[in-house]
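Number of protein chains: 2
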Amino acid sequence: MGVEEANGLRFAIVVRSPAVSTRADRLAELTVRFGTNVQPGQVVLVAGEPEQLELVRAIAEEAYRAGAKFVDTWIFDPYVKRSRLLHAPEDTLDWVPPWYGARQTEIGELRGARIALAGDTAVGIFDDVDPTRSGKDRLPMTQESLRVTNEQTTNWCVVPAPSPGWAAAVHPELGGDAALERLWDDVEHILRLDEPDPVAAWEARIAELNERAAALGELDLDSLRFAGPGTDLTVGLLPSSIWFAGDFTTGDGLRHMPNLPTEEVFTTPDPERTEGHVASTKPLLLPGGISVEGLRVRFAGGRAIELEAEVGEDALRSYAAVDDGGSRLGEVALVDGRGRIGKLGTVFRTTLIDENAASHIALGSAYPFAVGDEADRARMNQSAIHVDFMIGGDEVEVTGTTRSGDEIAVLRAGSWQF
Amino acid sequence: MGVEEANGLRFAIVVRSPAVSTRADRLAELTVRFGTNVQPGQVVLVAGEPEQLELVRAIAEEAYRAGAKFVDTWIFDPYVKRSRLLHAPEDTLDWVPPWYGARQTEIGELRGARIALAGDTAVGIFDDVDPTRSGKDRLPMTQESLRVTNEQTTNWCVVPAPSPGWAAAVHPELGGDAALERLWDDVEHILRLDEPDPVAAWEARIAELNERAAALGELDLDSLRFAGPGTDLTVGLLPSSIWFAGDFTTGDGLRHMPNLPTEEVFTTPDPERTEGHVASTKPLLLPGGISVEGLRVRFAGGRAIELEAEVGEDALRSYAAVDDGGSRLGEVALVDGRGRIGKLGTVFRTTLIDENAASHIALGSAYPFAVGDEADRARMNQSAIHVDFMIGGDEVEVTGTTRSGDEIAVLRAGSWQF
Numbered sequence: 001m002g003v004e005e006a007n008g009l010r011f012a013i014v015v016r017s018p019a020v021s022t023r024a025d026r027l028a029e030l031t032v033r034f035g036t037n038v039q040p041g042q043v044v045l046v047a048g049e050p051e052q053l054e055l056v057r058a059i060a061e062e063a064y065r066a067g068a069k070f071v072d073t074w075i076f077d078p079y080v081k082r083s084r085l086l087h088a089p090e091d092t093l094d095w096v097p098p099w100y101g102a103r104q105t106e107i108g109e110l111r112g113a114r115i116a117l118a119g120d121t122a123v124g125i126f127d128d129v130d131p132t133r134s135g136k137d138r139l140p141m142t143q144e145s146l147r148v149t150n151e152q153t154t155n156w157c158v159v160p161a162p163s164p165g166w167a168a169a170v171h172p173e174l175g176g177d178a179a180l181e182r183l184w185d186d187v188e189h190i191l192r193l194d195e196p197d198p199v200a201a202w203e204a205r206i207a208e209l210n211e212r213a214a215a216l217g218e219l220d221l222d223s224l225r226f227a228g229p230g231t232d233l234t235v236g237l238l239p240s241s242i243w244f245a246g247d248f249t250t251g252d253g254l255r256h257m258p259n260l261p262t263e264e265v266f267t268t269p270d271p272e273r274t275e276g277h278v279a280s281t282k283p284l285l286l287p288g289g290i291s292v293e294g295l296r297v298r299f300a301g302g303r304a305i306e307l308e309a310e311v312g313e314d315a316l317r318s319y320a321a322v323d324d325g326g327s328r329l330g331e332v333a334l335v336d337g338r339g340r341i342g343k344l345g346t347v348f349r350t351t352l353i354d355e356n357a358a359s360h361i362a363l364g365s366a367y368p369f370a371v372g373d374e375a376d377r378a379r380m381n382q383s384a385i386h387v388d389f390m391i392g393g394d395e396v397e398v399t400g401t402t403r404s405g406d407e408i409a410v411l412r413a414g415s416w417q418f
Numbered sequence: 419m420g421v422e423e424a425n426g427l428r429f430a431i432v433v434r435s436p437a438v439s440t441r442a443d444r445l446a447e448l449t450v451r452f453g454t455n456v457q458p459g460q461v462v463l464v465a466g467e468p469e470q471l472e473l474v475r476a477i478a479e480e481a482y483r484a485g486a487k488f489v490d491t492w493i494f495d496p497y498v499k500r501s502r503l504l505h506a507p508e509d510t511l512d513w514v515p516p517w518y519g520a521r522q523t524e525i526g527e528l529r530g531a532r533i534a535l536a537g538d539t540a541v542g543i544f545d546d547v548d549p550t551r552s553g554k555d556r557l558p559m560t561q562e563s564l565r566v567t568n569e570q571t572t573n574w575c576v577v578p579a580p581s582p583g584w585a586a587a588v589h590p591e592l593g594g595d596a597a598l599e600r601l602w603d604d605v606e607h608i609l610r611l612d613e614p615d616p617v618a619a620w621e622a623r624i625a626e627l628n629e630r631a632a633a634l635g636e637l638d639l640d641s642l643r644f645a646g647p648g649t650d651l652t653v654g655l656l657p658s659s660i661w662f663a664g665d666f667t668t669g670d671g672l673r674h675m676p677n678l679p680t681e682e683v684f685t686t687p688d689p690e691r692t693e694g695h696v697a698s699t700k701p702l703l704l705p706g707g708i709s710v711e712g713l714r715v716r717f718a719g720g721r722a723i724e725l726e727a728e729v730g731e732d733a734l735r736s737y738a739a740v741d742d743g744g745s746r747l748g749e750v751a752l753v754d755g756r757g758r759i760g761k762l763g764t765v766f767r768t769t770l771i772d773e774n775a776a777s778h779i780a781l782g783s784a785y786p787f788a789v790g791d792e793a794d795r796a797r798m799n800q801s802a803i804h805v806d807f808m809i810g811g812d813e814v815e816v817t818g819t820t821r822s823g824d825e826i827a828v829l830r831a832g833s834w835q836f
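Chains A and B are the protein sequences, given in the same order.
For the first sequence, counting from 1, position 357 maps to 357 in our numbering; every step adds exactly one.
For our numbering, add 418 to where a residue sits in the second sequence, where the first one is 1.
If you are wondering where the hints come from, they were derived from the structure by calculation, not from laboratory data.
Take the hints with a grain of salt, since some may be wrong.
Facing chain A, according to a computed beta carbon distance under 10 Å, are these residues of chain B, among others [stated by the list, open to error]:
{"#": "1", "residue": "R451"}
{"#": "2", "residue": "Y497"}
{"#": "3", "residue": "S501"}
{"#": "4", "residue": "A520"}
{"#": "5", "residue": "L528"}
{"#": "6", "residue": "A618"}
{"#": "7", "residue": "A619"}
Heads up, the beta-carbon is just placed ideally off N, CA and C, and yes, glycines get one too.
The shape of chain A in the complex, shown without the other chains:
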């Protein structure tokens, strides 16, 4: 999809010169003007954590400069979540104040914008929490947030926000300030903010991904098989599964990039046709920053029937037990080796970045817009959760089987084969 075709708007921003703005200002400008594409008169929700305050403020300032009517900042504190998990009665841990959901629902009704910051600021603070308790509290995620996403009423964008806590976890070998400086360098590289024209660089990459999504659609695949160390997994697709890149348009025709960075193409799988076993190739993070590492899952008839992990097993088990759909797939995504993330070889401990380093699947809620047919949409997975885990890498081969039964090589050593 070209730029002009989407909504007649040309993203002609010039990201501010490093000489006259802070790193946060430049990241904010890319987020507001390009990623989210905030329009005059919009209400804009900005969700972050206390350590991300500098970027929250920079985004709010830029959103108001872009003409926002109101910027609603939601600062969610993981330390308060920890207090809840330690002390609150267990049967209350899945309770969510109704006004949290109302905020999401009403921003959808107002055709507002939503911006969320990623990058776990408080790594390890849940390590001593009973995992069956921690899995029950899914905040800051809400059901309404997933629903509004699926309704395509809001333009939205998730971006990484470097913070001291996150930097210390990603670069523990460096000191506090050096780790943060290094993480900012990483994030600027990953976000192509080190390019003379970051928006042009993104448009070029997204054009490639849109082209791959279209080509995958033309293959008319019935299933994908992932094969590599610890992994032999077949994921069935729905007859009308549609491949997408992270280049979205709202129902009202407003283009936005829901994730920055984005290096993936993805679709909605058949929730009843996942078979085999799979090993995660990077840690995954549950909301609030609970880490799951060394995950292995066995699927039969679409359901995760065995699940074990070196770290965080019980938390993931409790988390996925929220509903029936929590054990079935809602997404399958392919990532080639041409992106900037995988090459760094760094585990960023945040799904937003790590999922764009490697092909991945997600347990839980599916994207209805990635299904073309009403009957298939009725069959796609439904859940209150959506948790991505990374299963791809250079050692994992991805092979497709078409509806006519032909096998087609899809990815080998990170390169597209079609």
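Add chain B to chain A, keeping to what the hints say.
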């Protein structure tokens, strides 16, 4: 009102030993257990600013320890408010997201608790903002917040939260850390946290204030006259005005201290019988930290007909112009010289503390529970705002006139005369 009479609960907490807890922990314990009196199963709203995060976390932890079902932290950032005031279209500045009001209304319906932190963290950041614009944005205050207060459905408490920004404004002669240390000392003294048993000290002081409120009621006053430098003001009372100390009980019988510190007795005046002129004796603060200093107001027929200030005049004028009741009185309060605040001689630049240093009046919304009679309650002032300003001090004499026409000395040099 005695302790046991209120709700059968004895506030038998022992504030944690300084040796084993931080200052924030001890302030949090006083706030949660004594001031707010959080009950098992309650939803607790904690509202603060980013610089107050340490205390927000300590309060959340203590509220969960007290059995809270959920602690909803609302971190309101004055810098984002500044961006709004600088850039958003002027006709949108009074818009409040409906979910902000819903949060207050629903916490009332749930019989929840509300805790708010005071102490301007960002002094001066609104100085270059157009005051007619800044007066239109009343956040973080909402109409629903005032309404829930008046419905007496929630137990609530406002406490001061020392922060670097506030400390720098109160003690500019000291350096950053020294100023903050000094402000903590001040706040601990004002909150009687420097007593071996702070709760016992508060119970003794509140018993005095309750006794004075009862005695004022027995005087059957028709009006109060304030006379001092720049001030000759008569405030008429309603026939059924009731004097209160800051020792509240919800409709369900749950005792709480809505302000800590509290050194005042107050009532709801007749909104049509304020006459004369008055000079403020301390700066007042509008929501978001906009300062008003050197204020002089002339009243006739209950209405503020002339208003001038050395600093912040236009902001106050715009703020009070919200509705008809914004120019009439909703509260009159008397403060004796036995409290801890006035003696310090410090301007704390926060209404919570400064209003308890000196007798004061408030423009805007009145307290319906401080009126005994339905007909009088229909006459009391109504407004979307409530802004206190300090008019008392050792040089201001307060004299009452009873309904039978007798003059009675009320306060002279800070001492009760009856």
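Hint-by-hint comparison with the structure:
Proximity of R451 of chain B to chain A is violated relative to the hint, the smallest CB-CB distance being about 14 Å (cut-off 10 Å). Checking Y497 of chain B against chain A by beta carbon gives a least distance of about 5 Å; that is within 10 Å, so the hint holds. Taking 10 Å as the C-beta contact cut-off toward chain A, the hint placing S501 of chain B at the interface holds, the least distance being around 4 Å. With a cut of 10 Å, the hint placing A520 of chain B at the interface with chain A holds, because the nearest CB-to-CB distance is about 5 Å.
Below 10 Å, beta-carbon pairs count as interface contacts, and L528 of chain B has one with chain A at about 9 Å; its hint therefore holds. Restraint check, A618 of chain B versus chain A: the minimum CB separation of about 27 Å is more than 10 Å; hint violated. Because the closest C-beta pair between A619 of chain B and chain A is about 28 Å apart, greater than 10 Å, the hint is violated.
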